[in-house]
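Enquirer: Sequence:
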Amino acid sequence: SAGAGKILVRIKDEGTGIPKAMIPHLFERFNRTGSTKRKGTGLGLAISKKILELHKGGIRHVPTDKGALFEFWL
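1 is the number of the first residue of the sequence shown in this note's numbering; add one for each residue after it.
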């Protein structure tokens with residue numbers, strides 16, 4: 001987690017949020033929220049997590065009432 005000497009960044013949107021069943025799988029490759037209308041490969045969060053970990057940082061999803069909130073740190 002973010003600690004001394006780290007920078008913490010929070011990114012939040014006000015969209016429809018992430019289905020609870022998908023949350024445990026957010027950082028898996030090729031994972032998508034299940035909507036066929038959305039484009040994408042399902043690689044973005046998996047790649048982001050790997051890059052951050054290689055730089056001794058991390059990323060996590062933070063539960064919210066509306067939208068989605070992610071935190072990452074370096």
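If you're looking for bench data, these hints aren't it; they were derived computationally from the structure.
Small disclaimer: the values here were computed from a predicted structure and weren't measured.
Check the hints yourself; a few may be wrong.
With a Cα cut of at most 35 Å, we get these calculated DSBU-like pairs of lysine-lysine [claimed, not checked]:
no., residue 1, residue 2
1, K6, K39
2, K50, K6
3, K66, K6
4, K49, K12
Enquirer: With reference to the structure, classify each hint as holding or not holding.
Expert: Here is how each hint holds up against the structure:
1. For the proposed pair K6 and K39, the alpha carbon gap of about 33 Å is at most 35 Å, so the pair holds.
2. For the suggested pair K50 and K6, the alpha carbons sit about 17 Å apart, so the restraint of at most 35 Å is met.
3. The suggested pairing of K66 with K6 holds, with an alpha-carbon distance near 27 Å, which does not exceed 35 Å.
4. A threshold of 35 Å between alpha carbons decides the hint, and for K49 with K12 the separation of about 17 Å falls inside it, so the pair holds.
Hint compliance for this structure: every hint is met.
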